[in-house]
Each structure stands twice: as structure tokens, then as C-alpha cells.
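Enquirer: Using the sequences and the accompanying hints, generate a full structural model.
If you read the protein sequences in the order shown, they are chains A and B.
Okay, so the first sequence: first residue is 1 according to my numbering, each after it adds one.
Okay, so the second sequence: first residue is 1 according to my numbering, each after it adds one.
These are calculated hints, taken from the structure and not from any lab test.
Bear in mind the structure is a predicted one, so any value in this text is a computation, not a measurement.
Wrong hints could be hidden among the right ones.
What the hints assert, rightly or not - Subject to a maximum C-alpha distance of 25 Å in a straight line, what follows is the list of computed DSS-like cross-link-like pairs (lysine-lysine):
| no. | chain 1 | residue 1 | chain 2 | residue 2 |
| --- | --- | --- | --- | --- |
| 1 | B | 69 | A | 96 |
| 2 | B | 71 | A | 45 |
| 3 | B | 57 | A | 45 |
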Amino acid sequence: RKEVEQDPGPFNVPEGATVAFNCTYSNSASQSFFWYRQDCRKEPKLLMSVYSSGNEDGRFTAQLNRASQYISLLIRDSKLSDSATYLCVVRTNFNKFYFGSGTKLNVKP
Amino acid sequence: EAQVTQNPRYLITVTGKKLTVTCSQNMNHEYMSWYRQDPGLGLRQIYYSMNVEVTDKGDVPEGYKVSRKEKRNFPLILESPSPNQTSLYFCASRGTSGRGSDEQYFGPGTRLTVT
Chain A
1 RKEVEQDPGP FNVPEGATVA FNCTYSNSAS QSFFWYRQDC RKEPKLLMSV
51 YSSGNEDGRF TAQLNRASQY ISLLIRDSKL SDSATYLCVV RTNFNKFYFG
101 SGTKLNVKP
Chain B
1 EAQVTQNPRY LITVTGKKLT VTCSQNMNHE YMSWYRQDPG LGLRQIYYSM
51 NVEVTDKGDV PEGYKVSRKE KRNFPLILES PSPNQTSLYF CASRGTSGRG
101 SDEQYFGPGT RLTVT
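Expert: Here it is in C-alpha cells:
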């Protein structure tokens, strides 16, 4: 079983749409949670960390449910520039990082 | 400019010919790590280092070696490359204390082909 699982997509949405991605992780001792963005085989870049209380950064909202071992990312008012692959990432208590295989988003005009 | 650099960016080599991919960061980060990315598998951690002279295996360490003699450098060594090591490799670093210390900064990637 993979440590982090994501729906690979692709999600094809029109500009202005709201889209949600989900991710599950298997290690209940995981300590930190993130969403990274990766453009076309370039290096991943941090989009946002995910906190237990939920957090928001502009059009992006992340939620963490530790009981269900589930992380989500909501993107509101999608822009063409949001087209990318979104990676769910978990850090364990041993400082190892596990990445999901990514969810591809295509925002169409 | 804060950055992680990797060299070379592209490499085509033959089976069994030893190679080293260099990684350097200028942010005085304690933690450095190597990943490989393969289609459908995502990024998988090869080795990581919590500080100078401290290295640990990630999920897929077989066929790789690393060393951490200086804080800024973390080279990845393939003693005898094989075709199944054809992949996109990323180096990353992060601080281990203070605000934002969980964020990893990635290098631009090294695309390795082993024939």
C-alpha cells in the first residue's frame, strides 16, 4: 500500500470553477502535511502547509483530518495559471518525506 | 539568491560507468535529501541527511550512495548505474528550526538516462 494516495486526474475544469483534491496517508504518526505544485516536470514548489485547524491562502484552502488520515485542497475561482500537478506530501516522525503521485489539473478558457 | 543547484542537468551514460550528481545549497540548511521521480510513482526519497556526516536511507536507497562532508553539499553517487536508474532526480534542502523550517526547496532536477 502506498504511503500517500491521490487521485491522478486529470481534472479538466473551466476558468472560474471551484475544484477539490483529496489525499489519504497511511502512517498515523505523520507529523507535517503539505501541498506542493509541480509544473511540467520542473521542480516541486511549496503551495501551502496544512494545519489541523485548516488554513487558507487567497483562493486556496487546505484541510487536514487526522482521524481519517485525509488531506484536502480546495481551489476557488480557478485561473489558467493554476494548471499544474498538485502533490500531496507527508513528513513522518522520522523526518522522511512521502509524496503522492500527484493530481493533474487542467484549467480551460 | 537562495537556491539549490544540481549538476549536471542532463546526463546520458552507459551501464556500469560510475557517476556523481552534485547538489549544493546556499541557505545554510541542515537537512538535505535526494529524490527520484518516475511516471505514476511520484517522488520517492533515496537518501537524506540531517546534518554533516549524518545520512539515512529513504525508501529506495539500493544502488545509490551519498556523502555529507560539508553542510552545503550533498552529492549522489551511482557506483554502477543500471537502466532501471533512468529517472528524473531532485535534490532538496530545508532548515530544521524556526518558522517555515518544514518547507523543502528543490533543485531544478537532473534527467539521467542509463543505456
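Enquirer: Work down the list of hints and note, for each, if the structure agrees.
Expert: Going down the list of hints, with the structure as the test:
| no. | hint | verdict |
| --- | --- | --- |
| 1 | 69/B with 96/A | holds, 21 Å |
| 2 | 71/B with 45/A | holds, 22 Å |
| 3 | 57/B with 45/A | holds, 23 Å |
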